[in-house]
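Asker: Chains as they are written, first to last, in numbering that gives the first Met the number 0: chain A, 0 to 109; chain B, 0 to 498.
Hints should not be assumed to be uniformly reliable.
As the list claims (entries may be wrong) - Heads up, simulated DSBU-like pairs for lysine-lysine below, C-alpha to C-alpha not over 35 Å straight-line:
id	chain 1	residue 1	chain 2	residue 2
1	B	Lys356	A	Lys33
2	B	Lys180	A	Lys7
3	A	Lys104	B	Lys128
4	B	Lys304	A	Lys82
5	B	Lys28	A	Lys82
6	B	Lys356	A	Lys104
7	B	Lys356	B	Lys289
What the hints assert, rightly or not - Ranges between beta-carbon positions, derived for each pair:
id	chain 1	residue 1	chain 2	residue 2	range
8	A	Trp44	B	Asp129	43 to 49 Å
9	B	Ala57	A	Asn21	39 to 45 Å
10	B	Glu229	A	Lys72	33 to 39 Å
11	B	Asp300	A	Glu22	38 to 44 Å
12	B	Gly364	A	Glu22	45 to 51 Å
13	B	Asp129	A	Ser80	55 to 61 Å
14	A	Lys82	B	Gly364	54 to 60 Å
15	B	Asp330	A	Glu45	29 to 35 Å
16	B	Ser360	A	Ser80	52 to 58 Å
17	B	Gly126	A	Glu45	55 to 61 Å
18	B	Glu12	A	Pro89	32 to 38 Å
19	B	Arg67	A	Pro38	40 to 46 Å
20	B	Asp383	A	Lys82	38 to 44 Å
21	A	Asp34	B	Gly64	45 to 51 Å
Stated by the list, open to error - Take a look, some chain A residues computed to stay more than 12 Å from chain B by CB distance:
id	residue
22	Leu30
23	Trp44
24	Arg51
25	Ile59
26	Thr67
27	Thr106
Think of the hints as simulated: they come from the structure by calculation, not from any bench. C-beta: ideal position from N, C-alpha, C; glycine also.
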Amino acid sequence: MAYTVSGKTVEADEEGYLVNINEWNEELAGLIAKDENVPMTPEHWEVVNFLREYYAEYQIAPAVRVLTKAIAKKMGPEKGSNKYLYELFPYGPAKQACKIAGLPKPTGCV
Amino acid sequence: MADYEIPTLGDVEERPIPQLAPGAMANAKTCYPASAAHQEALGFPGGLVPDWQEKAIAKMGDLLGRYRSLQVFMDICVKCGACTDKCHYFLGTGDPKNMPVARQDLFRSVYRRYFTPAGKMFPALVGAKDFTRELLDEWYNYFHQCSQCRRCSVFCPYGIDTAEISMAAREIMDHIGVGQKYCNEILGKVHKIGNNLGLPEPALANTLEGLEEDVKDETGLDVKYPLDVEGAEVLLITPSADFFAEPHVMGLIGYGKVFHAAGVSWTLSSYASEAANFSMFIGNYDHLRKAALRIRKAAQDLKVKRIIFGECGHAWRVAYSFLNTVAGPWDFLDPRYPVPQHILEFTYDLIRRKGIKLDRSGNEGKVLTIHDSCNVARGSRMGDFPGGQFAIPREVIKASVPTFVDMHRDTICEKTFCCGGGGGLLTDELMDLRIKGVKPRAEALKQVVDDHGVTHMASICAICKSQFTKVLPYYGFDREMIVSAHQLVSDAIVLGDNG
Chain A
0 MAYTVSGKTV EADEEGYLVN INEWNEELAG LIAKDENVPM TPEHWEVVNF
50 LREYYAEYQI APAVRVLTKA IAKKMGPEKG SNKYLYELFP YGPAKQACKI
100 AGLPKPTGCV
Chain B
0 MADYEIPTLG DVEERPIPQL APGAMANAKT CYPASAAHQE ALGFPGGLVP
50 DWQEKAIAKM GDLLGRYRSL QVFMDICVKC GACTDKCHYF LGTGDPKNMP
100 VARQDLFRSV YRRYFTPAGK MFPALVGAKD FTRELLDEWY NYFHQCSQCR
150 RCSVFCPYGI DTAEISMAAR EIMDHIGVGQ KYCNEILGKV HKIGNNLGLP
200 EPALANTLEG LEEDVKDETG LDVKYPLDVE GAEVLLITPS ADFFAEPHVM
250 GLIGYGKVFH AAGVSWTLSS YASEAANFSM FIGNYDHLRK AALRIRKAAQ
300 DLKVKRIIFG ECGHAWRVAY SFLNTVAGPW DFLDPRYPVP QHILEFTYDL
350 IRRKGIKLDR SGNEGKVLTI HDSCNVARGS RMGDFPGGQF AIPREVIKAS
400 VPTFVDMHRD TICEKTFCCG GGGGLLTDEL MDLRIKGVKP RAEALKQVVD
450 DHGVTHMASI CAICKSQFTK VLPYYGFDRE MIVSAHQLVS DAIVLGDNG
């Protein structure tokens, strides 16, 4: 499949994950989120931005626990839980948030 | 969440044979095919080869000659019907093609056509079929509706193992260029990076440091989660999901606490950072060996004395049943310990010898049950007594929690149902199948929740944990009721006072 953003076509795999993560931009994230029925609030952006920062450093999405800790630090301890992340990204923070952040899908028994 | 049709849960005592729904899953969304890059990385053709039929039949002949079991399974079925209502995918979908015998017959019909005199001469009389493109598509669809859990084989009077047939079918398909994306992409990552996730060493180190901080915050103690420590006594091989996902990571935290309390030095390996071995799901022993040899190399490089496996179902089958054959001999390890050992055996032994202390009040209010993972239940053992793979996890859990209740007898131990996501089917595009496949387990779980107030279900397999946390909410269960067995140990173990 592919996304069209500002007249440009961006290639994605069968599931909607970007083929080339460098083609990501915020407008595209908004588009992917819309496809996923995820309304992007500042909290969503916090998660997405953290994922991208972590990925830039480690070439992999952070473990769910690493993510919850980072969110707790940024947004307060009451939001540092898997449950809260599921509220933001109902299909699961790891996969759905990665997709919106333009990162590859986490694979394996997850 | 409303996109799927959720089966209605019935009474586990009755579990009627479902109304047949022919063709119900014939056009179901099947798994994404592996791309040329994923295929070629494993040495398989990048796409369907032009002479695929000839190649497939040749490969079938090769497998029939190599595995006597496969040959016997092809010839011995008497169509007694004992298996028909034993598969969770049949029970969840009602599609008669998900009856184990029907799944076998997809393979058997081709076998008869090309390998038996009657099938060569009178195909229509003996259910023999030409291997057409339509039949190949049916193979791809229905051999990816088998989680290779082997429940049907328990009830087959001849012990026909549909899992082995489904593995052989996938091996044949891989060899003609028709692979499955989920398994083959993952295997490529294991060979290249060392784990299913593709988690590189720096990220793994960072994740483990984070766990050390968390456990320090929780306990005030320096419980270590060591990586690549040469000379450690134990090499722990655990599914990479334990580093990444919830509730898996709580189990990993528990393993570390047990090693800490027991005073046994241990390490993880960044080179062999995966217990899972998806080669088994695609029936390929070359890749199975290649993945297993990473463990051998890590054990030698790190000069460990013992190898212990974390909570992972099919990994334990591969470890228990194949590791010595494909990656042995392990004569460089300490012969006083089993090779390999399961973390539950290790913890159980410590509990018995009073090497660790557990305080059940750490899990106050919890009423536990356990989901026996198929590959542990039917493909391995634990301990040195028959049924150890059932008793040992239960004993460890019972020592950690106030109350334990087993689910219905037809759904536990050797009769356990698959979680619905095993065998290489834990992929998002199969969500409909996964939701339907968990139905028998969900029924049994509901009964103990309703009748006995069960609050949590422990699982000892990364796939089961991910599958349940994903699909049980569709049936109204809370995602967080799924726990790792060592998560319970983690919450009960008494640290810092082991004198």
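Asker: Look at each hint and say if it fits the structure.
Answerer: Against the structure, the hints:
1. B:Lys356 / A:Lys33: Violated, at roughly 51 Å.
2. B:Lys180 / A:Lys7: 28 Å, holds
3. A:Lys104 / B:Lys128: Violated, because 39 Å separates the two Cα atoms, which is more than 35 Å.
4. B:Lys304 / A:Lys82: 40 Å, violated
5. B:Lys28 / A:Lys82: 29 Å, holds
6. B:Lys356 / A:Lys104: 40 Å, violated
7. B:Lys356 / B:Lys289: This hinted pair is violated, its Cα atoms lying about 39 Å apart.
8. A:Trp44 / B:Asp129: 43 to 49 Å: 57 Å Cβ-Cβ, so the 43 to 49 Å window is violated.
9. B:Ala57 / A:Asn21: 39 to 45 Å: 44 Å, holds
10. B:Glu229 / A:Lys72: 33 to 39 Å: 34 Å, holds
11. B:Asp300 / A:Glu22: 38 to 44 Å: 39 Å, holds
12. B:Gly364 / A:Glu22: 45 to 51 Å: Given a distance of about 49 Å, which is inside 45 to 51 Å, the answer is holds.
13. B:Asp129 / A:Ser80: 55 to 61 Å: 57 Å, holds
14. A:Lys82 / B:Gly364: 54 to 60 Å: Violated, at about 18 Å.
15. B:Asp330 / A:Glu45: 29 to 35 Å: At 53 Å between Cβs, range violated.
16. B:Ser360 / A:Ser80: 52 to 58 Å: At 24 Å between Cβs, range violated.
17. B:Gly126 / A:Glu45: 55 to 61 Å: At roughly 60 Å between Cβ atoms, Glu45 (chain A) and Gly126 (chain B) fall inside 55 to 61 Å, so the hint holds.
18. B:Glu12 / A:Pro89: 32 to 38 Å: This hint holds: roughly 34 Å between Cβ atoms.
19. B:Arg67 / A:Pro38: 40 to 46 Å: This hint is violated: roughly 59 Å between Cβ atoms.
20. B:Asp383 / A:Lys82: 38 to 44 Å: 42 Å, holds
21. A:Asp34 / B:Gly64: 45 to 51 Å: 49 Å, holds
22. Leu30: 20 Å, holds
23. Trp44: At about 23 Å from chain B, Trp44 (chain A) clears the 12 Å cut-off, so the statement holds.
24. Arg51: Nearest chain B Cβ is 15 Å from Arg51 (chain A), so the label holds.
25. Ile59: 5 Å, violated
26. Thr67: 9 Å, violated
27. Thr106: Answer for Thr106 (chain A): violated, closest chain B Cβ roughly 5 Å.
Of the numbered hints given earlier, the model fails hints 1, 3, 4, 6, 7, 8, 14, 15, 16, 19, 25, 26, 27; all others are met.
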